[in-house]
Each structure stands twice: as structure tokens, then as C-alpha cells.
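Protein sequence lines, in the order shown, are assigned to chains D and A. The numbering of the first sequence is my numbering, which starts it at 560 and goes up by one. The numbering of the second sequence is my numbering, which starts it at 11 and goes up by one.
Wrong hints could be hidden among the right ones.
[Stated by the list, open to error] Listed next, the in silico DSSO-like pairs over lysine-lysine satisfying Cα-Cα at most 30 Å (straight line):
# : chain 1 : residue 1 : chain 2 : residue 2
1 : D       : K668      : A       : K79
2 : D       : K668      : A       : K58
3 : D       : K668      : D       : K638
[Unchecked claim] Here are some, though not all, of the chain D residues that point toward chain A, as calculated from beta-carbon distances under 8 Å:
#  : residue
4  : T637
5  : L698
6  : A731
7  : Q749
8  : E774
9  : F810
10 : S812
Think of the hints as simulated: they come from the structure by calculation, not from any bench. We put the beta carbon where it would ideally sit given N, CA and C, even for glycine.
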Amino acid sequence: MFSWILFSEHNAHNAAADTVHAAADTLAHAAANGEHGGDENLFTRLLHHIYDSRELELPWGHVELPHFHLFGLDLSLTKHVVFLWLAAVILIVTLSIVARKNTKNRVPKGLGNLVEVFVLFVRDEIVVPNMGKAGLKYLPYLLTNFFFILVMNLLGLIPYGASATGNVSVTAGLAIIAFFMIQISAIRAQGFGHYLAHLTGGVHWALWPIMIPIEVLGLFTKPFALCIRLFANMTGGHIVILALIGLIFVFKSLMVAPVSVTFALGIYMLELFVAFLQAYIFTMLTSLFMGLGMPAESHGHEH
Amino acid sequence: MLDINPGLIIWTMITFALLVVVLGKFAWKPILQALQAREQEIAEALKKAEEAKKDAERMMQENKIAMDKASNETARLIAEGRAMAEQLKNDIVAKANESAKKMLEQAKDEISREKDAAMSQLRSEVAELSISVAEKILDESLDGAKQKKMVDKVLQQLQKN
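Extracted from the complex, chain D is given alone in its bound form (with noise of 0.2 Å):
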């Protein structure tokens, strides 16, 4: 029964919905299997498409991925794993080739414009305002940062693709990295007798059992909500797509799907703007924290 509607939603909108085509797959798979499942088992099944796995979908079929543990550690491979490394795959193979054009032209154009139109928006209107020129040296992390977040964020609305930055682990490991490089820029700048005199919050000794716990509690605020912000808002998205898509399912009638495609499409292209958003608000509250631990002429410190 879902099967024909599938078949006239494919010829209909055949490009912006394919995303969406790998999830409506999963659904009726979904309900061919089990009619008895309803409601629950289709939003289960919804969810399924933004969870992590252990196997990878592709326009042929599925691949298994492979287990290994280390350590007592599970390092197993999973869908984001891979999608991380085709992210650095891409931004390796294609920054590079950019490197080689800029250097040898000396007027960019086409991809290589592209991308540095990026690098000094991030240079000159993050680094550089937060941070002041002492900032720049930290510019490759904070440039890795930005591209690294926008690629994953991108890789999410292609056909098959998954966004790694919808994993809470994903970005849990880049807000542990932001939270080293946090401190690392604050002790270098300040020395660190300084930093741990900061911790104090420079009130009277007596208030220090108060107030250290939460100065450190402050340090490690900032990172946490960099890490749920950004991965609840690409979460955000991919849901509210699947949850459009899924009311066709919900209704059993094709007239809903021109309106759920438009929806969709419309969030889509919400989706495609915040990826730049995200990418943007995690570097700049990155440079932001490292520009706070940082004296400097540029921001105004209390010291």
C-alpha cells in the first residue's frame, strides 16, 4: 500500500526530497513488516535515521561496519565514525588542492575565492575581535573548527548522508577539545598562577570555598553548552523533516504529501542556513571563551 505512494512522491519531487526518500524507505519497510506497529513504531523508525548505527546505508543496500574494541574500550566504526572521516576526507582533499591554487594565482577565483571568503570572515570578524593578534596563532584550530563543523553539518542533508554533528558524542568530543584549548590560551596568556588566582574569582579569601566550585563549574558550562547547542539544533532539523515526511505515513493519504514536501523543503533550506549558523556560533563562542582567558588590549579585561 505505501509502496505506490512512494513511487508517485519519487517522480514528483525526485530532488529535494531524496534525503527524505531514504527515511520514507525505512518507513515502509517499516510498515510492510510490521502493520500491527502504528504510530510508535513509525516514530521509532523516524528516529532510527538520526540515530548512530552500526551499519551504513547506501543506495545499494547496507554495509556492516566493523566491531573492535581497545582497552576495554568500544571503538567500533559506526555511521557517524565514517562520516567524520569523510568529512576530514573531503575538507583534506579539498583544502588542499585550494592551498596549491591560492598560492600559485594570484587573484583566487571559483572554489578557491569560495574558501577564502570563509577563512577571513573567520580571521578578521571572529579571531581577530575576540581575541586581538595574539589570537591568531590559535586561527588553524578555530579554522579546522569551523570548516570541520560545516562539512559534517552539510554531509547531513545529502541523499544517504548523516550528520555527525547529530550526535551528542560527536560534539561532545569537539567541546572537550574547545574546553582544552579554553584553558591552554588562558594559561599561556596569563601564566598559570595567574589563571588559578582568576579561578578565585578575585573576591575575599573566606568566599573561596563558594567561589571556586563555581568558577570551575563556569569552565566547564561553557563547553557543555557548546556541545548541546550545536547538537540539538542539527538534531532539530533532521527531526522536524522526518516528522513532516512521516505525517504522509500518519494520514495514509498522498494529499498530504504536497504540503509536507513543501514544509520540508522549506526546512530544508532552514537546515542548509543553519548549518552555516552552527558552524559559525560554535567558532565564535570558541574564539569568545579563548579571547575572555586572554589579557588583551582589543577586549576589556579586568586585569
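Knowing the structure of chain D, use the given hints to seat chain A on it.
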């Protein structure tokens, strides 16, 4: 959905760290260097253009001054030439006038001289004629009427001459 997978965190951190190292070496360094080189080049080119503009302005100023000077010089030369020509003209006219006057005077002198000469000649001729008339009168011892006629005739002849 919020369950943490430590393996994935570790993979993320390893991948990211490697990516920072690899991109730092093969992408960001050359891209940023090219960017900086170009920015420097543009800044220098702008500075040079500014200098060239200043130079051009200065040269134009100089040219203008030179042209002003030249045009002043020309005007002065023209005025001088005109004054000289005027002077020359006046001189020539004056000289011409003077020589004309002189020639006129000479002519007048000549005329008066000629006149004087003619007069004296006339006078002597008249005297001669009177003498000859007187001689004739005396020779022929004429009567009153005849005498008068004769005198008239002589006078008429005289007038004719």
C-alpha cells in the same frame, strides 16, 4: 538520544586533532600565507598609487606654473613687440612728416627764388621795353592820339608776353 558513546568521542577527538595538524600544514599555512602576501601586495600597490598620484599632482602643479610663466612671458614679448612697433611707426611717420615738410619748404624756397628771378627778369625787360618804347616815341615824334595808341599797343603786347 543523549546516551554518550565514549568510542565516538575518542574517534571525534582523534580525527579532529589529526585534521588540525594536517590542515594546518597543508591548507591553512599556504592559504593564510598567500592571503597575507596578497594583502601586503595590495597595501603596497595602494601606497604606490597614492605616491604616484601625489607625484602627478605635483608635476601638474609644476606644469601649470611653467605654463603660467610661459604665457606671461609671451604676453610680455607681444606687448614689448607691439610697443616697439608703435615706436618704430611713430618714428617713421615723424621722419616722413619731417622730410615732407623739408621738401615742401625747399619747394617753396625754390618757387620764391624762381619768382624773384622771374620778377627781376620781368622788371629788366619792362625797363628795356619802356626804354625802347620811349625811344620809339622819341624817334617818331608822334601826336597825342597816335602816341596814346602806340602806348596801348605796346602795353597790350606786353601783357601778351
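Checked hints:
1. Between K668 of chain D and K79 of chain A the alpha-carbon distance is near 53 Å, which puts this suggested pair outside the 30 Å criterion.
2. Of the supplied pair hints, the one linking K668 of chain D and K58 of chain A holds, its CA atoms being roughly 25 Å apart against a limit of 30 Å.
3. Annotation: proposed proximity of K668 of chain D to K638 of chain D is violated, straight-line Cα distance about 35 Å (limit 30 Å).
4. For T637 of chain D, the suggested interface contact is upheld, since its CB lies about 6 Å from the closest CB of chain A, less than 8 Å.
5. Below 8 Å, beta-carbon pairs count as interface contacts, and L698 of chain D has one with chain A at about 7 Å; its hint therefore holds.
6. Proximity of A731 of chain D to chain A holds as hinted, the smallest CB-CB distance being about 5 Å (cut-off 8 Å).
7. With a cut of 8 Å, the hint placing Q749 of chain D at the interface with chain A is violated, because the nearest CB-to-CB distance is about 23 Å.
8. Annotation: interface hint on E774 of chain D violated; nearest CB of chain A at approximately 25 Å, more than 8 Å.
9. Checking F810 of chain D against chain A by beta carbon gives a least distance of about 26 Å; that is not within 8 Å, so the hint is violated.
10. For S812 of chain D, the interface hint is violated, since its Cβ never comes within 8 Å of a Cβ in chain A; the closest pair sits about 29 Å apart.
Against the hints set out earlier in the document, violations occur for numbers 1, 3, 7, 8, 9 and 10.
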